[in-house]
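Residues per chain are reported as follows:
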Amino acid sequence: MAFPLTAAIKFATKKEVPVHKQSIWYYMGGICMLFVVLQLVTGLLLMVHYVPSFDGAYQSVMAINNKIPFGWLIRSMHSWGANLFIATLVIHMFSTYFMKAYRSPRELTWFSGLGLIGLAMVFGFTGYLLPMDEMAFFASKVGVDVAGEAPFIGELVANFVRGGEEIGQGTINRFFLIHVCALPAALMGALGLHLLLIQIHGISEPEYFKKLSIKKYEKFFPDFIMNDMFVWGGVTLLFLAIVCLSGSCSYWY
Amino acid sequence: MTTQQEEQVTTTNTAEVDYATETPSEVMNRRVFMGSMIGIFGAVMAAVAAGPLLSYLWPPKSTAIKIDKLVLGKVAEFPAGTSKNFKFGSIPALFIHSPDGSMHAFNATCSHLGCTVQYQTAKNNIYCACHGGTYDPATGNVVAGPPPEGLHKLLASVEAGEIVIRPEKAGAKA
Ligand code: HEM
Ligand code: FES
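Those protein sequences? They're chains A and B, same order as listed. To convert, note that position 232 of the first sequence is 232 in the working numbering; the numbers rise steadily by one, no gaps. With the second sequence counted from 1, adding 1000 to any position gets you the working numbering.
Just so you know, the hints here were simulated from the structure itself, not pulled from any lab data. It is possible that part of the hints are untrue.
What the hints assert, rightly or not - Capping the alpha-carbon separation at 27 angstroms, the derived lysine-lysine pairs in DSSO-like fashion look like this:
#1 A:K67 x B:K1087
#2 B:K1123 x B:K1061
#3 A:K14 x A:K141
#4 B:K1087 x B:K1153
#5 A:K67 x B:K1153
#6 A:K10 x A:K215
#7 A:K15 x A:K215
#8 B:K1066 x A:K67
#9 A:K67 x A:K15
What the hints assert, rightly or not - From the derived model, a few chain B residues whose C-beta atoms are all more than 12 angstroms from chain A:
#10 F1033
#11 G1051
#12 S1055
#13 N1125
Keep in mind that this is a model prediction, so the values were computed, not measured. Each residue gets a CB set at the ideal place from its N, CA and C atoms; glycine is no exception.
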């Protein structure tokens, strides 16, 4: 009984999820979580062979694509995953918005979610430079130059982000550090808060559902989590199909 | 609404097994079956993923180039007292045409910490600039400094007016 897992399961068994026409949207946050896991795992694997250097990055990425067994798969999963993660986040955001789940007492849940989507975007921006191909170079140049246009502090900010006057080794060092170290840590913190708040408040119910005299619920454990697992399995298969059939996300060569 | 009704509506699995009327062994059997099926399925999936994952993690093949013969150039290009640092495959190597006329070749990797050694014509020795290791230009043995052992030898010979380098080890056609 002292083992905290027992308490966690007990809590999960008590927790209930409302069952209604819009219940499907309750799975979106879970799909976001799936993408977080997929990005962490594939990102970790990419770091095995990726070299964060101005001269060597492109070559190492080409080796991952062409020489290392299944490197193309890991790389495509990571870049497709990045795009689909953002897409899923947007769906999750709009579904909680239209179900009015952001209203009191869940304001902080909403704001922690906004923080998470912000982090996801910085993930995308910093990750885009890392292959150091032409596309990456100019996308980052444009991105940083836009910041440089801001009045008074623009140039200062741009140089700070760039780690110098030009995109170079300094830029890669910064982007790499942010992408693989600072952001994952921040994401874990923000996601932890997000999930904690969701446990504290319980899942929200739509207005019309609250007024029903007979409400249907299902247990979070084992019923909802079981459905969750099917959703995760299905999305993973769909995801792998997209990755394999498309070959590449956009621009490899 | 009675409490009984409430209990009913909060349970969704009405169509499922009524555990109360089922004998415990039947329930356990179904559970054991489901459990082992999930376990087997998981194990198969893990096995399917393990192959690609391991091959991805496996260190790539060494890119070292092994060769068993290299033509360095015409003898006339290397008068006595000159030397040349070159690459024998991917090994840094050193060729020396001694003032006494003999020819020697070595793997130029210093046995101390791996710097590349050079021939010093003025002193007629092989010198490592990193920590001052000195080697005999004819034998490759250590003369001075921190290196724990001599340089590994290569074979230098003259064939049809050209200097040819080969590995010293047997197995290579000499
Ligand atoms: C890393 C990104 C995110 C992850 C992993 C995540 C995960 C989750 C999960 C698992 C849930 C509970 C199930 C559900 O309602 O879907 C949830 C709920 C919620 N999320 Fe997120 N979320 C993320 C980003 C966001 C964003 C960008 C927003 C909006 C700005 C947001 C707002 C909310 C709200 C308001 C709820 C409460 C829903 C309710 O109680 O019905 N989340 N999130
Ligand atoms: S590496 Fe040559 S003397 Fe130390």
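Please name the hints from earlier in the document that this structure breaks, with their numbers sorted from lowest to highest.
-> 2, 3, 5, 9, 11, 12
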